[in-house]
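Here is how the chains run, residue by residue.
Protein chains: 2
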Amino acid sequence: MRERPKIKDIAERAGVSVATVSRALSDSALVTAETRQRILDLARELNYRPNVSARSLRTRRSMSVLLVVRDVGNPFYLDILKGVEATAREAGYSVLMGNTESDPARETEYFNMLRDGHADGMILMTGKLPPAGGWSHLPVVVALEMIEGAGLPHVQVDNIGAAREAVEHLISIGHRRIAHISGPLPELMSLHRREGYREAMRNAGLDVPESYEVRGNYLLESGQECCRKLFTLPEPPTALFVANDEMAYGAAYELRRMGHDVPGDVSVVGFDDLYLSKAFYPPLTTVSQPRAEIGHVAMELLLKILSGAEIDCDEPIILPTVLHIRGSTAPPRQ
Amino acid sequence: MRERPKIKDIAERAGVSVATVSRALSDSALVTAETRQRILDLARELNYRPNVSARSLRTRRSMSVLLVVRDVGNPFYLDILKGVEATAREAGYSVLMGNTESDPARETEYFNMLRDGHADGMILMTGKLPPAGGWSHLPVVVALEMIEGAGLPHVQVDNIGAAREAVEHLISIGHRRIAHISGPLPELMSLHRREGYREAMRNAGLDVPESYEVRGNYLLESGQECCRKLFTLPEPPTALFVANDEMAYGAAYELRRMGHDVPGDVSVVGFDDLYLSKAFYPPLTTVSQPRAEIGHVAMELLLKILSGAEIDCDEPIILPTVLHIRGSTAPPRQ
DNA sequence: ATGAAAGCGCTAACAC
DNA sequence: GTGTTAGCGCTTTCAT
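Each protein sequence line maps, in turn, to chains A and B.
Numbered according to our numbering, the first sequence spans residues 1 to 334.
Numbered according to our numbering, the second sequence spans residues 1 to 334.
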């Protein structure tokens, strides 16, 4: 047998033309059941697999989509990837993972992969469009993050509302001096979570001294660092609303190092509900995003676009969050 | 301008043949510097990108490799992926992530992707070959896990030695009743880590009652569950050597739930050094694997194979581990 | 229902 | 150094 059987090999053995084989393989109605069966059997016997390059070249579809994140090293993206992958597989698409590390060159590169036929569409989770421009009308869905004025469809959560709810919880159990460790600014997601914090404080008639808002970068070490800053203040907070779980881990760790009990002395609330947060000590109170669902919905949307449907890009799709109240929050000491 | 410029478009404008354009674009020496420059300028101006399908079809190389893991949801793989990706990019390869979920059908499918031209080579981290067989001589590198008798090159760590060292640490600080929560059996990696545990115990003249070896599945909940089993024994252990960090988190969590202090009452050692382990409470004593380096070395090896070099498959490449002693281990109570 | 043939965009012989 | 040409393996008209 040849190295890799091709349609021609099957055709010769079956005594039919390549066209017929192609039709049989793609379940066309234009083949008699009997011929089709013979061809299918032969294909199985030869262990035939269609060459993807040839097929893509001809059909002009790669049957794969690009999932672009800013850091594959972040476990947060994993469940989203799973959601995307499951949905993609079902529709016969494979998923290519793209990692930008916030490098504009790489951001552009992944967009170029849409043009060179590497992928048919893209789910973008970097919150940025590449600098060059000219990326409208492309089959791109923005998930998780937001890109304003891009005219692209969005799948996200209500970051403002979710943050507000988290801070309201702290207020409801008696906290007044609540500080916020934010993500990098002026990114929209960070801004929104901070806005939710501010709204909750304002609604409760609570002051937010400028020193109570510290800017982090979503990484664990940054949580530690921001926490240290807050606890050198003359009047340190009794509770922290931290913009993601990873920094919340860092903050809780640093608090313990400084001799503060969590939640005895200081309450901590995170955002994301990483899968370790429930095993963390103390189990972290945090906002849970429907990550797999975000991936699923984003992929569904992309499939729709790829099938030629018109999509309304004005209204983002908003998925619900849940505040999980665990052991890291408690009423302040009297 | 055409929808997507192709070589022909450039050729027409440059007043040369497609062959010349192709040569100029691939930096062939058979073009005058002047012609090349003209073509390059034109290509840039038209924003030309070669069609990957056409190129792959012709060259019979996809310039991408497959990285197959059993669970993309496991953060453990992320650093490996980063190592693989960086090395692959440099050589002009893209990386496709494959996720098997331990499903034999999917395991086979990824191997098939090598045959249908989707990828040129594969880094396999599932520890299994698909059932069908016939996968020798394929450009495959096994990383992290081991597959015996497959005739494939391996990149891994010395699991036996690393486990032994971890348990020796527990023994050296005075523990005698040391239990082991293993990974799924009879997988080679689990077996090796257990073997290291047994060796350390044997060398110290310590008994391992059968009930002190509990089988887990590397997931957090499994760590909890195994821990519960161990602490219903008439003589529970004073220390645990757990086959990975995730189960160690679960075990530590469960110990606290049951009212045991870590490390006051029970010491816990993990394996993997996930990035959260240092912020865990108490900071986890654990074996660190050079994950990015594993990815890097595996990809280098794969590149060598793809370039046609002969590889010695008899001797695995062994990378060093480091035992990080942190707060989760302490001498037993007197 | 089946076959012949064109061609997707590119590269690599082979000519000159 | 450049052009001509023949495919890579597949799908899809257009005939029959």
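You may find that some hints are simply not true.
Which copy is meant is left open, because identical chains are indistinguishable; a pair holds if it fits in one copy or across any two.
[Stated by the list, open to error] Derived DSS-like pairs: lysine-lysine, alpha-carbon spacing no greater than 30 angstroms straight-line:
#1 304 x 128
#2 8 x 278
#3 8 x 229
#4 304 x 278
#5 6 x 304
#6 128 x 6
These are computed hints drawn from the structure, not numbers from a lab.
Each hint, compared with the structure:
no. : hint      : in the structure
1   : 304 x 128 : within (23 angstroms within a copy, 36 angstroms between copies)
2   : 8 x 278   : neither (57 angstroms within a copy, 59 angstroms between copies)
3   : 8 x 229   : neither (71 angstroms within a copy, 61 angstroms between copies)
4   : 304 x 278 : neither (36 angstroms within a copy, 44 angstroms between copies)
5   : 6 x 304   : between (32 angstroms within a copy, 28 angstroms between copies)
6   : 128 x 6   : between (43 angstroms within a copy, 28 angstroms between copies)
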